[in-house]
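S.K.: Sequence:
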Amino acid sequence: MQEEDLIELKFRLYDGSDIGPIRYSSSSTVAMLKERIISEWPRDKKIAPKVANDVKLISAGKVLENGTTIAQCRSPFGELPAGVITMHVVVQPTLTKTKTGKLE
1 MQEEDLIELK FRLYDGSDIG PIRYSSSSTV AMLKERIISE WPRDKKIAPK VANDVKLISA
61 GKVLENGTTI AQCRSPFGEL PAGVITMHVV VQPTLTKTKT GKLE
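Residue numbering for the sequence shown follows UniProt numbering, beginning at 1 and increasing consecutively.
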């Protein structure tokens with residue numbers, strides 16, 4: 001893999017702490033990033049995602065779709081040199097319906 005194919009990302013959690021920075025292939029999908037975030041999630045956090053659908057990634061003010069690659073969601077910043085891109089992580093647990101039809 002060539003150096004220019006790698007993009008350095010860090011993920012900002014709800015409390016201001018970070019996961020990363022870690023280098024990823026530009027062809028990695030958002031779904032792959034979410035799986036990595038779950039595996040790297042700090043064990044001491046009160047709120048933690050259980051599955052990839054619990055995680056929302058936000059970059060440049062947009063919620064990223066699972067099938068999107070990193071290359072597709074990068075925002076060019078003029079002539080700035082490549083650096084670490086920070087993505088924000090929102091944990092939103094999937095709601096399930098109980099037998100009575102109420103959301104939990």
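Simulated from the structure, these hints should not be mistaken for laboratory data. C-beta: ideal position from N, C-alpha, C; glycine also. There could be a bad hint or two in this list.
Claimed, not checked - Straight-line alpha carbon distances no greater than 16 Å define the calculated EDC-like cross-link-like pairs of lysine to aspartate or glutamate that follow:
(1) K45 - D18
(2) K56 - E35
(3) K10 - E40
(4) K10 - E35
(5) K62 - E40
(6) K46 - D15
(7) K45 - D15
(8) K50 - E40
As the list claims (entries may be wrong) - Between beta-carbon pairs, the in silico distance windows are:
(9) E65 - D18: 16 to 26 Å
(10) P93 - L6: 17 to 27 Å
(11) D5 - P93: 29 to 39 Å
(12) I22 - A60: 17 to 27 Å
(13) R43 - Q72: 28 to 38 Å
(14) K10 - D44: 29 to 39 Å
S.K.: Now tell me if each hint is right for this structure.
M.R.: A quick look at each hint next to the structure:
{"no.": "1", "hint": "K45 - D18", "verdict": "holds, 12 Å"}
{"no.": "2", "hint": "K56 - E35", "verdict": "holds, 12 Å"}
{"no.": "3", "hint": "K10 - E40", "verdict": "holds, 12 Å"}
{"no.": "4", "hint": "K10 - E35", "verdict": "holds, 14 Å"}
{"no.": "5", "hint": "K62 - E40", "verdict": "violated, 23 Å"}
{"no.": "6", "hint": "K46 - D15", "verdict": "holds, 10 Å"}
{"no.": "7", "hint": "K45 - D15", "verdict": "holds, 9 Å"}
{"no.": "8", "hint": "K50 - E40", "verdict": "holds, 12 Å"}
{"no.": "9", "hint": "E65 - D18: 16 to 26 Å", "verdict": "holds, 23 Å"}
{"no.": "10", "hint": "P93 - L6: 17 to 27 Å", "verdict": "violated, 32 Å"}
{"no.": "11", "hint": "D5 - P93: 29 to 39 Å", "verdict": "holds, 34 Å"}
{"no.": "12", "hint": "I22 - A60: 17 to 27 Å", "verdict": "holds, 19 Å"}
{"no.": "13", "hint": "R43 - Q72: 28 to 38 Å", "verdict": "holds, 32 Å"}
{"no.": "14", "hint": "K10 - D44: 29 to 39 Å", "verdict": "violated, 19 Å"}
Checked against the numbered hints above, the structure breaks hints 5, 10, 14 and satisfies the rest.
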